[in-house]
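Asker: Sequence:
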Amino acid sequence: MADMRETVEVLTARPTLEGAGVRLRRAFGFGEVPRFDPFLMLDDFRGDRPEDYLAGFPWYPHRGMETVTYMLEGRIEHGDSMGHAGTVEGGGVQWMTAGSGILHQEMPKPVDGRMGGFQVWVNLPAAQKMMDPRYQEVAGDAIPVVHGGGATVRVVAGEHGGAHGPVTGIVAAPTFLDVALQPGAVFEHRTDPALAAFAYVFSGTAAFGEGGTTVENAHAVRLGPGNLVRAEAGPDGARFLLIAGRPIGEPVAWRGPVVMNTDGELREAFRELNEGTFVKKRG
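Everything in the sequence shown is counted per my numbering, starting at 84 for the first residue and increasing by one.
There may be inaccurate statements among the hints.
As the list claims (entries may be wrong) - Now the in silico label distances, taken between C-beta atoms and shown as ranges: (1) 95 to 319: 15 to 21 Å; (2) 276 to 246: 19 to 25 Å; (3) 224 to 160: 18 to 24 Å; (4) 169 to 246: 22 to 28 Å.
Hints are computed from structural coordinates only; laboratory data are not their basis.
All of these numbers come straight from a predicted model, not from anything done at the bench.
The beta-carbon is built from N, C-alpha and C at its ideal position, and this holds for glycine as well.
Model the full assembly from the supplied sequences, consistent with the hints where possible.
Answerer: Set out below in structure tokens:
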């Protein structure tokens, strides 16, 4: 029998300045830990004005966590201390596991005057925080799409409608879906009840659960326990990310782009950064 996941909390994405002066909206972050465990942060960097994002995110460190960059349009050019460089185009995703430490830069660029996407930070448990850094990059045309019942679902990670996302082997066992609904359409997705789940609405309106509160653009919805997510689109349709992952349940010590379990581990990380020993793997 289905146990519906109901809306527990709705958060409004707030204006935030990051990187070298990128204007974005943060749906949740440091102040919400550990309510979204294993997820740490979701940034919405859709932008219509190039001056709001072209300064980008110059070189900065990461350790103990993962960054997920999902592009709707435009592109992000990136490079790192391992000599890895490339571009995430519209419709594509990059799932970067920072692990033991990496220096990284990301520079948003418009295509036909448009740029936009999202970045999600995912925590790593203590046993994997110092794993070797790695990437999974998937182009938009390699992400399966499921159609039916007025819904179009891009399956980035996890499973929906018999389609399996190309991002695999992630510690959090995540589901990552991009769901577009026609007006009035109802979407249902079975979930592992052991996973924590949330949605982020970025177009139209949708109500989650049974008789749930209507949620608008640029709002995050934390969903309660259960094994079924249900969303009904409003009169203008809806589009949202549905993301789920296995909670960690460990202490979080977080400073900037370094996420560890203790303050001592944080101090060690920044000591290594100052001494030039932060990056453990090169090439």
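Asker: All hints are to be evaluated individually against the structure, with a verdict given for each.
Answerer: Here is how each hint holds up against the structure:
Range check, residue 95 to residue 319: Cβ separation about 19 Å, and the 15 to 21 Å hint holds. A hinted range of 19 to 25 Å holds for the C-beta pair residue 276 and residue 246, which are about 21 Å apart. Residue 224 and residue 160 have their C-beta atoms about 19 Å apart, which keeps the hinted 18 to 24 Å range intact. The hinted window of 22 to 28 Å between residue 169 and residue 246 holds, with their beta carbons roughly 25 Å apart.
Violated hints are absent here; each numbered hint is respected by the structure.
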